[in-house]
Amino acid sequence: MTITGFTHDTSEDVPLQRFEVFTGTGRRRDWSDEEKDRIVAESYSGEMSVSAVARRHGLSPGQLFTWRRQVRSLAKQDSPSMFVPAVIDRPGEPPPTRRKTIRRSALPIAAIELEVGGAILRIASGTDSATIAAVIQALKAQS
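If you read the sequence shown in this note's numbering, its first letter stands for residue 1, the second for the next number, and so on.
You can trust all of the hints, since none of them are fake.
Beta-carbon label-pair distances, calculated as ranges:
#1 88 / 123: 49 to 59 Å
#2 30 / 77: 19 to 29 Å
#3 61 / 90: 53 to 63 Å
Hint data in this document are derived by calculation from the structure and do not stem from the laboratory. C-beta atoms are modelled at their ideal positions from N, C-alpha and C, and glycine is treated no differently.
Using the sequences and the hints, build the whole thing.
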């Protein structure tokens, strides 16, 4: 039996020198999920490049990159959202501020002391004369 076929070298029909019959799946392999996970983890280790890991296991680099992409997409689906809803809370009344009071250790020294109608009026030095006159007028009016 003669089998003729087209060869790449010439356009003439030439008897074939070699004839191969492929049975089975050839180079196609069925990888278990555990094997895929182990190979993908090895590709992320950083010890070898992704292409080197693929060659070591008899894979094409494109296949390994596809497995890595699938693992990343599964991880995104399984992980919870990284965003937290923001809550804006308006504060109520601000807490009352305490006023600082200055405690005087001693009363100021009075420069003038007047007693008018049973009341003692102490006038400190530096008090203006208009204030003194107004206070005296008010005390006279009450008595």
